[in-house]
Amino acid sequence: MYKLEDVIDQNIRDVNKIIHAYHPVSRYDEFASFQLLVLRRLVVEKKSMHFQPEIFLLKSDDVYYLKSDGKFFIKLDQGIIQMSEMLEQFYSDNYKFIESYSYEIETLEEYLYERKIPGIFMDLWFDYKKDIAKIENFYLRNNNVYLDFLKKTEKKFPVLPDDLRAIEDTISFHISNIQMIKTRLDSVHHYYASIKNDRLNKSIFILTVISGLFLPLNLIVGFFGMNTDGMFFKDNVSGTKNVVILLCSIILIVLLGANVIRMLDRYILRFFLGRYDMYKNLLNRFDEFDKRLKGK
28 MYKLEDVIDQ
38 NIRDVNKIIH
48 AYHPVSRYDE
58 FASFQLLVLR
68 RLVVEKKSMH
78 FQPEIFLLKS
88 DDVYYLKSDG
98 KFFIKLDQGI
108 IQMSEMLEQF
118 YSDNYKFIES
128 YSYEIETLEE
138 YLYERKIPGI
148 FMDLWFDYKK
158 DIAKIENFYL
168 RNNNVYLDFL
178 KKTEKKFPVL
188 PDDLRAIEDT
198 ISFHISNIQM
208 IKTRLDSVHH
218 YYASIKNDRL
228 NKSIFILTVI
238 SGLFLPLNLI
248 VGFFGMNTDG
258 MFFKDNVSGT
268 KNVVILLCSI
278 ILIVLLGANV
288 IRMLDRYILR
298 FFLGRYDMYK
308 NLLNRFDEFD
318 KRLKGK
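In the numbering used here, the protein residues as written are 28 to 323.
The hints are simulated quantities; they were obtained by calculation from the structure and are not laboratory data. Be careful, since some hints might not be right.
What the hints assert, rightly or not - Pairs of lysine to any residue residues, derived as SDA-like cross-links and limited to a Cα-Cα distance of at most 20 Å, are as follows: (1) LYS86 / LYS73; (2) LYS73 / ILE108; (3) LYS73 / GLU112; (4) LYS161 / LYS179; (5) LYS179 / ASP190; (6) LYS94 / GLU131; (7) LYS44 / PHE78; (8) LYS44 / ILE108; (9) LYS179 / GLN109; (10) LYS44 / ASP150; (11) LYS98 / ASP150; (12) LYS183 / ILE231; (13) LYS161 / ALA59.
Said to hold, decoys possible - Using C-beta positions, here's what the derived DEER-type ranges look like: (14) ASP88 / ALA160: 34 to 42 Å; (15) VAL271 / VAL236: 52 to 60 Å; (16) PRO145 / LEU177: 22 to 30 Å.
Since the structure is predicted, the reported quantities are computational estimates derived from the model, not experimental observations. Ideal Cβ positions, reconstructed from N, Cα and C, are used throughout, including at glycine.
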């Protein structure tokens, strides 16, 4: 193990300022006799996600790696080849975390498709959105820093390991996956808003039905409650009972009628007017395309 002073004899203060920064960021710096590469990687714990800097110091053909304690460097026996293997492992671990977010978003999608939306749905969505935005910014900066490092290192090392070049493709692949996850998150939010709006519209419809239901009931009750001659059921022993039955019948007709209309729309009208037309239109377009290919 080596202290920083054992590895370099100049720019020690500048390097210490970089490696012990309160909020270290990915960066690549060139000095007179050495280069310093700082690349952050993802670390996900039980209650939080953060970024841990991995620091490499390149001097001539030697590569030094700063241990997690931040005090000592170790010299990599295989030099830049071992460094490329370590970076590949770091990004492989990063991808596992990215995939775990993808699985969690898939769970949110299942909640929506099954209409079993938990009460904390939006809290989950905001947490995922915040983390994915952080990961995207982290990767974009990592990509810029690594491209700069790779471009300048090619001039210093005549033969670069293939793994070191492949990491560039790995980072680009991860960025594309992160952006796809962002798109899925936005789609989930849009679909969730559509469901909430649909439920709100149904609630307004139910309130409208209830208002429309009680209006005739009030008229009926007021009608039979008038103190005038010639009223229905006035001399009937079961008059009150008949009025109650009439009111209950109206309520049942309205409630059952709404359900019957809903079932008719969902299972019959949608099948014949929706799905049938959809497949019919698809077949018609397919036939048109087939005729064009045949030159008809």
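To see whether the hints hold, each was checked on the structure:
| no. | hint | result |
| --- | --- | --- |
| 1 | LYS86 / LYS73 | violated (38 Å) |
| 2 | LYS73 / ILE108 | violated (33 Å) |
| 3 | LYS73 / GLU112 | violated (27 Å) |
| 4 | LYS161 / LYS179 | violated (27 Å) |
| 5 | LYS179 / ASP190 | holds (17 Å) |
| 6 | LYS94 / GLU131 | violated (33 Å) |
| 7 | LYS44 / PHE78 | holds (18 Å) |
| 8 | LYS44 / ILE108 | violated (27 Å) |
| 9 | LYS179 / GLN109 | holds (19 Å) |
| 10 | LYS44 / ASP150 | violated (38 Å) |
| 11 | LYS98 / ASP150 | violated (40 Å) |
| 12 | LYS183 / ILE231 | violated (71 Å) |
| 13 | LYS161 / ALA59 | violated (34 Å) |
| 14 | ASP88 / ALA160: 34 to 42 Å | holds (40 Å) |
| 15 | VAL271 / VAL236: 52 to 60 Å | violated (21 Å) |
| 16 | PRO145 / LEU177: 22 to 30 Å | violated (45 Å) |
Hint compliance for this structure: hints 1, 2, 3, 4, 6, 8, 10, 11, 12, 13, 15, 16 are broken, all remaining hints hold.
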